[in-house]
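There are 2 protein chains.
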Amino acid sequence: MKIGILGSGMVANTIGTKLVSLGHDVKMGSRTADNAKGAEWVKANGSKASKGTFADAAAFGEILFNCTHGMASLEALKQAGPNHLKGKVLVDIANALDFSKGMPPTLAVCNTDSLGEQIQRAFPDVKVVKALNTVNCSLMVNPSLIKGEHDLFICGNDAQAKAKVVEILKNWFGWKSVIDLGDITSARATEMILPIWVRLMGLYQSPNFNFKIVR
Amino acid sequence: MKIGILGSGMVANTIGTKLVSLGHDVKMGSRTADNAKGAEWVKANGSKASKGTFADAAAFGEILFNCTHGMASLEALKQAGPNHLKGKVLVDIANALDFSKGMPPTLAVCNTDSLGEQIQRAFPDVKVVKALNTVNCSLMVNPSLIKGEHDLFICGNDAQAKAKVVEILKNWFGWKSVIDLGDITSARATEMILPIWVRLMGLYQSPNFNFKIVR
Chain R
19 MKIGILGSGM
29 VANTIGTKLV
39 SLGHDVKMGS
49 RTADNAKGAE
59 WVKANGSKAS
69 KGTFADAAAF
79 GEILFNCTHG
89 MASLEALKQA
99 GPNHLKGKVL
109 VDIANALDFS
119 KGMPPTLAVC
129 NTDSLGEQIQ
139 RAFPDVKVVK
149 ALNTVNCSLM
159 VNPSLIKGEH
169 DLFICGNDAQ
179 AKAKVVEILK
189 NWFGWKSVID
199 LGDITSARAT
209 EMILPIWVRL
219 MGLYQSPNFN
229 FKIVR
Chain H
19 MKIGILGSGM
29 VANTIGTKLV
39 SLGHDVKMGS
49 RTADNAKGAE
59 WVKANGSKAS
69 KGTFADAAAF
79 GEILFNCTHG
89 MASLEALKQA
99 GPNHLKGKVL
109 VDIANALDFS
119 KGMPPTLAVC
129 NTDSLGEQIQ
139 RAFPDVKVVK
149 ALNTVNCSLM
159 VNPSLIKGEH
169 DLFICGNDAQ
179 AKAKVVEILK
189 NWFGWKSVID
199 LGDITSARAT
209 EMILPIWVRL
219 MGLYQSPNFN
229 FKIVR
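Chains R and H, in that order, are what the protein sequence lines are. According to my numbering, the first sequence is numbered sequentially starting from 19. According to my numbering, the second sequence is numbered sequentially starting from 19.
The reader is advised that the hints may include incorrect statements.
Pairs count within a copy or across copies, as identical chains cannot be separated in the list.
Derived pair list, reagent style EDC-like, types lysine to aspartate or glutamate, alpha-carbon separation capped at 16 angstroms [claimed, not checked]: (1) K119 x D131; (2) K230 x E167; (3) K66 x D201; (4) K119 x D52; (5) K96 x D198; (6) K20 x E58; (7) K194 x D43.
In short, the hints are calculated from the structure, not lab data.
Construct the entire structure; sequences and hints are all you get.
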């Protein structure tokens, strides 16, 4: 499958590398086509990996992953171009964590709105599925890195898009338990987990943990 | 031990009933001394149960539980009186859930502040320990209601107060795993779990679930 990744940081790199390893054609998009991190990633990942602008990656992908920093996601998607996003599934992994006032970070949007909803509102023709934003990138594509059962949360307005993403999460990335929280307004709920995630990372001095809902 | 409970709702009732069953003397405090729910609770719980105003309960208790609704907690504590709170441990169970705009509720304070911090700032002489606010009251005093391991989060500025509360949670209420997230600013993190808690309750149609941190 042809997959477009928006972003070139650690999350983009991890997701892109995993997808290439599964045999997919992946284009990583950045603000500029000559992005150095993108070039390194292409070099490391061979002929199935390519890079370009946000617009190039969005045009290329049949399915898209938003791996940009949440504070820059709306601008990146604008640069990607609504015409390149139209009708596609966008897996939104971003969190609008604002580190500008020091640690711990705050959320630039929360409570009555969320980044996932902002994206869905700004680009009504894209099928936003919020997912993977509650775990570290090491776990995103390798959930068995930690032992025992643990859960991933997804939400979004389009049932078919969510089913497609659940398939990817389970069959490609190895997730065993995916909890569908409902429509995209549930992005508030998953993005608002980030503050406790940050505290727990500080406590454990490791990002390799996750939530399990016990009933 | 003499324990003061602020509030007369379901959480107050559950905590109070458990404490009386353990042999403690418990006074439930409300806005007015003739509160009907308080009277019912006293009638059901015998001679170790009593009721009065917020000030009566705060004056009575060697340790206090804030079981008021989060939207009313600061006012209730003001009525309780700083002189009755001074030096005491206050277990803050409240969440500032605002239902005035419909479902799902939003938080009246979050992200850059929290109810726990507001209480600690307003009453600097009380030792606020945020705890139990991330589980339903049925679980608060009976964590074994759900099978398997699951975690409770606490935070607060006073290490001795936290140690005392951990002892209560473990020895009186039966909690096996209590995670200390640090100082009272971590109340932001635990209060911000509420949105996903509310969504999960909707999904499961039951409040009997909890979070476990898997590592």
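Hint-by-hint comparison with the structure:
no. : hint        : verdict
1   : K119 x D131 : between (21 angstroms within a copy, 13 angstroms between copies)
2   : K230 x E167 : both (7 angstroms within a copy, 10 angstroms between copies)
3   : K66 x D201  : neither (34 angstroms within a copy, 48 angstroms between copies)
4   : K119 x D52  : neither (31 angstroms within a copy, 48 angstroms between copies)
5   : K96 x D198  : neither (28 angstroms within a copy, 42 angstroms between copies)
6   : K20 x E58   : neither (20 angstroms within a copy, 66 angstroms between copies)
7   : K194 x D43  : neither (25 angstroms within a copy, 48 angstroms between copies)
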